[in-house]
Amino acid sequence: MIGYGPCNRLPASESARMFLPMTLSLRTAVLVASLLLGCSVAQADADPLPVSPFRARFEVYGSGIPIGEAVMTLAATGPGTYQMRSEVRPNALATLLVSGQIDEQVRGEIRAEVIRPTHYERRMETSKKKQTVQLQFDWAANRLEARDNEAHASLPLTPGVLDPLSLNLRVMADLRRGHLADQYSLADETEIKSYQINNEGEETLDTSLGKLRAVRISQSKPGKTRITRFWFAPDLQYLPVRIAQHKDGKELLRMEIRALDR
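Quick note on the working numbering: the sequence shown kicks off at 1245 and runs consecutively.
No lab work stands behind these hints, which were simulated from the structure alone.
Using N, Cα and C, we set each Cβ at its ideal position, and we do this for glycine too.
Errors might be hidden in some of the hints.
[Stated by the list, open to error] Computed spacing ranges between beta-carbons, pair by pair:
(1) Lys1455 - Ala1395: 40 to 48 Å
(2) Ala1385 - Asp1505: 32 to 40 Å
(3) Asp1382 - Arg1457: 39 to 47 Å
Full structure from sequences and hints, please.
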């Protein structure tokens, strides 16, 4: 996951960005598209997924009031390849004030325990804004082709750069290995930015799945006051079970896990 606007741009858009910020988007965001790899290559160097495939459903809150639902999924699409998806929808109450949705998906590959996205797409549509973000990762040429609606950028691609959804997967994998990095590089829209990651320790949460131990991780951009916190549950292979975004000490949005299928 994890990289992931004000209320008049649809509260759900903030929740998507939390996934990616990494961003549950969760900055969010979500993953699309398809890049097929040659079978001989995929089978030769393929790695299994760092965590088991899952489908997790979250309740989204704004100012303590339920405003929508987010669904995040991870699936293996072949030897050493994966797909993640994220969908954010406002609930019936929220649609009285705003309308819109956010869909994200990404496809990628895993080689020697390294997560490498190949194609990411996010589509956001609200009464105020329509946005399509596409990221094409060309690891052979070390180039990233990024599009944000009509804007386009061709950027140098260095090892470790992730999209908003794959960032969640990378953090889960790093926590399982016990090697969480201090900083991650995230590609979104037409830029590559660095996000600082801090391990703030463990706590126990009351969730719809029962009491869960959780490692609290905070994510922020240098010089910014917006902070996103994630609670990853070790007993669920470090799946995020709560995500909260704050700015200037005030909670903007929160996501709480409601159901999990594996």
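Hints, one by one, checked against the model:
{"no.": "1", "hint": "Lys1455 - Ala1395: 40 to 48 Å", "in the structure": "holds (46 Å)"}
{"no.": "2", "hint": "Ala1385 - Asp1505: 32 to 40 Å", "in the structure": "holds (38 Å)"}
{"no.": "3", "hint": "Asp1382 - Arg1457: 39 to 47 Å", "in the structure": "holds (40 Å)"}
Of the numbered hints stated above, none is contradicted by the structure.
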